[in-house]
Amino acid sequence: MDGNMISNLIQIKEQELAARKKIVLRCCMAAGCMSLDAKGVREQLEKAVAEAGLQNEVEVRGVGCMRLCCEGPLVAADPQNTLNIKVTTKNAPSIIAALRDGKTEVSRTDPNSSFFTKQLSIVLANSGVINPERIESYIAADGYHALHEVLHEMTPREAVEALVKSGLRGRGGAGFPTGLKWGTVAKSPGAKKYVICNADEGDPGAFMDRSVLESDPHAVLEGMAIAAYAVGADQGFIYVRAEYPLAIARLQIAIKQAKQLGLLGSGIFESPFNFNVDIRIGAGAFVCGEETALMASVEGKRGTPRPRPPFPAESGLWGSPTLINNVETFANVPPIYRNGADWFAGIGTEKSKGTKVFALAGKIRNTGLIEVPMGTPLRVIVEDMGGGAPDGGKIKAIQTGGPSGGCIPAQYLDTPVDYESLGKLGSIMGSGGMIVMDDTTNMVEIARFFMEFCMDESCGKCVPCRAGTVQMHHLLNNIANRRATARDLAKLEELCDMVKHTSLCGLGQTAPNPVLSTLRFFRNEYEELLQPDPFGPPSNGEVKKQTAAMH
Amino acid sequence: MAAKTLTINGKQISAEEGATILQAAEEAGVKIPTLCHLDGVYDVGACRLCLVEVTGVPKLLPACTTKVSEGMEIKTDSEQLQKYRRLTLELLFAERNHVCAVCVANGHCELQTLAYSQGMDHVRYDYCFPKWGVDNTHRLFGMDHNRCILCTRCVRVCWHIEGAGTKNVAGRGSKAKIITDLNMPWGESGSCTNCGKCVQSCPTGALFYKGSTVAEMERDRSRLEFIVTAREKKLWVASD
Amino acid sequence: MSFLDLDEFLIELAQKVEIVFSPVVDVKEYPRDVDVCLIEGAICNEDHVEMVHKIRKYTKTVVSFGDCAVTGNVTAIRNQLGLGNRENVLQRAYVEAAQLNPCVPEDKGIVPPLLERVMPVHEMVYVDYYLPGCPPPAARIKSFVTQLLEGKELHLAGAEIKFG
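Protein chains in written order, with the working numbering: chain A, 364 to 914; chain B, 425 to 664; chain C, 252 to 415.
I should point out that these hints are in silico values taken from the structure, not numbers from a laboratory. Among the hints, erroneous ones may be present.
[To be verified] From the derived model, a few chain A residues whose C-beta atoms are all more than 12 Å from chain B:
id	residue
1	R520
2	E521
3	G538
4	L776
[Stated by the list, open to error] Derived, one-sided and incomplete: chain B residues facing chain C with beta-carbon distance under 7 Å:
id	residue
5	V526
6	N530
7	H532
8	Q536
9	Q542
10	D545
11	C552
12	K555
13	P609
14	C619
15	Y633
[What the hints assert, rightly or not] Quick partial rundown of chain B residues pointing at chain C, CB under 8 Å, derived from the structure:
id	residue
16	E477
17	V481
18	N521
19	A525
20	C527
21	A539
22	S541
23	G543
24	H546
25	V547
26	Y551
27	F553
28	W583
29	W660
The structure displayed is predicted, hence computed values, not measured ones. Just so you know, even glycine gets a beta-carbon here, dropped at the ideal spot from N, CA and C.
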């Protein structure tokens, strides 16, 4: 493409809008629905449209995640504003017939229910709307306009300042101010700099990043390109886990299309800015989500973390300053520049701006993907949107942050979702996994499950994580199997403290969190399992000095 | 090079810019326990024994990889640190099969020495008793995985000093293992130069000269030092 | 045996303590109200379990004496064979290694049933003091016993608690 690039973008947008048909059937083509033959549904719908002779009126569009994953495959009809659920290939003719008379035997759900209306879509704005495999579809939704504006209207420094002003914080879990990180990389001296997108989402029950990549890959690419311009990088890597083949395929398509249109590569938008993106595929290690391990893996080395400092912003990939952000963080970037930092800063709470995407799972009626403004109370999420526990159960706790997070008991349901509030309760925002537990859930089992996960995923480099998780798991096993005494519980707590404070990377430092948080709120469940200790230390507290420190 | 002034355990010292806390402490006569650290090869900060407290930093920092900075206040022996060190050692002893009484390195073992110098008189955690084998296929050396603590000193000397790249780590977590080449018997390794630096570097009885029996495996680190000095300072002289 | 290396200190010691139970004292039942018990060896069969519980019950100060008691040491190497190794161990000892009448003694009261796993003393009962060493050298025993007799807070440090 040559000539004035922005006019080409506008031209593509206009063509795309002009070609739009009267009726659009949006078929979810994200991994959840695909596993239930959404592809077959889409093919049958296309066939049914052809058979009804409606090719000129009806577009069957494969789109990304439409959120209500538990009811998939989902098919929405515009402008009828209907949402068909649990669609099978046999339902296709009925759905097409319903476009005429509105009657159908296919189950539907109310698109105006709280699950949908309480959401605020920034990251997922295009998800379920555009076709993720067509760049034109993204451009028609104002895609790549922000990149153009940043390249032509802003200096890199202004670009960083805008992000600082937006108040965006890292969506990977820790919530580090993104603008500050960009500024550090921008200021770090070095001729070569890198931008990395961390798409190694590994928490059990978390699928936010996968959905974003499958539903709107160009938003991530555009965010990365803006970041690269702001920090002065010319090479980007997306590190995706191999377990996300669909996300990888759509990223590959997206990169190819962006290159063809000159939106990636050399001299983007006729500016001196060059930026290329390559995909690196993970080999199944959870620890590679840790930034230093991830970088080692990108470099082709064994994916193990190294001590920080130096932080990647000073010395990252091959020793060069490197910016690492998570998928959702990058996906937030184009809307921020499109709508302005003030707009973004006006959403959310004082310290947590914008929205957060959560993967709602577990013992809850509506499972799926939600995006809510920061500060939304947990109760709104699980009761109004999630519909509460199924089968008349009672919600007992909510687990956030996966194996690094904690369990928040039901009495704290009015806690607003933001970095600080969740932290105060001993949990973390995390990347967005939210697992709801009802009163049938055994909290010791939960702790044991997450500990087993950390034990299996420990890379083995540092002693506290490698050997400590094994011992903590062993102790949890003994407690769960009623083979432990109060002394064992004390040993477990001591180990939690030690592993938390001495491990090399985030995996080990947070591995004890599920135990600590369940102990904090559900200690009785542990104590009920303990056995008497008749041959233990004297109960009058007369423990001898030499061993006092050891017991 | 500019000097930095800092305090270690309340004592004011100065250190060269770019020096690690460990180097600064050593120069000032403050002993910080180490296990994965080996003079002459790069540090990895893996054993966590050299963790120290630095005022103003919420996390404990490994002395071997953390560089000194102006005005740093470092504590190396707080009660907390001593407790963590003892726990780390207990975890190591419980992890694999360390039977000091019948070990080639008995009396010359850094793990054993650290255990008693840190006051570890017993291990409170259940021993794991994993099943690990012994690789006796090499003509000169043996590798007993039961006694390996995965400090990766052997890997680092093999890559960094010898440049052969024979030793490596495979697997993860408690199943991590030191391997030769692509996980083949040591004796069949095509890249091993039989230099024996790995044997000299091993802190425990995991690597040994064949034929050595209980308590016979003494290391001569000056041999490693000689090569490092020769390469880095271009001085081809033995240190003594 | 290492205890015998105490040589003339044994005579001094004999004047201060009464040995009420030991392999060299002809008493079958563990007595009550014992002040100090030095336990040698790991816990590996059901007799040991019974005995160690009895010792803890009737003794003021229990000492894990030597590496086998403290760590399991060589006697615990059988644990590396995995759980359920009892049969293999007996097979090896009484059948494969036997020169005469190879058979596993099955009658009750001959060989006490082995535990699934050999364990150090403190895994079973609370231990007041640890005296590692294989064997603990005489000087170490002397230092320990002297401190104990003086009724001071015991303090063993450095090489006095060296394993092996």
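Checked hints:
no.: 1; hint: R520; verdict: holds, 28 Å
no.: 2; hint: E521; verdict: holds, 32 Å
no.: 3; hint: G538; verdict: holds, 15 Å
no.: 4; hint: L776; verdict: holds, 30 Å
no.: 5; hint: V526; verdict: holds, 6 Å
no.: 6; hint: N530; verdict: holds, 4 Å
no.: 7; hint: H532; verdict: violated, 11 Å
no.: 8; hint: Q536; verdict: holds, 6 Å
no.: 9; hint: Q542; verdict: violated, 10 Å
no.: 10; hint: D545; verdict: holds, 4 Å
no.: 11; hint: C552; verdict: violated, 9 Å
no.: 12; hint: K555; verdict: holds, 6 Å
no.: 13; hint: P609; verdict: violated, 21 Å
no.: 14; hint: C619; verdict: violated, 29 Å
no.: 15; hint: Y633; verdict: violated, 19 Å
no.: 16; hint: E477; verdict: violated, 23 Å
no.: 17; hint: V481; verdict: violated, 31 Å
no.: 18; hint: N521; verdict: holds, 6 Å
no.: 19; hint: A525; verdict: holds, 4 Å
no.: 20; hint: C527; verdict: holds, 7 Å
no.: 21; hint: A539; verdict: holds, 7 Å
no.: 22; hint: S541; verdict: holds, 6 Å
no.: 23; hint: G543; verdict: holds, 6 Å
no.: 24; hint: H546; verdict: holds, 4 Å
no.: 25; hint: V547; verdict: holds, 7 Å
no.: 26; hint: Y551; verdict: holds, 6 Å
no.: 27; hint: F553; verdict: holds, 4 Å
no.: 28; hint: W583; verdict: violated, 31 Å
no.: 29; hint: W660; verdict: violated, 38 Å
In summary, the structure is inconsistent with hints 7, 9, 11, 13, 14, 15, 16, 17, 28, 29 from the numbered list given earlier, while agreeing with the others.
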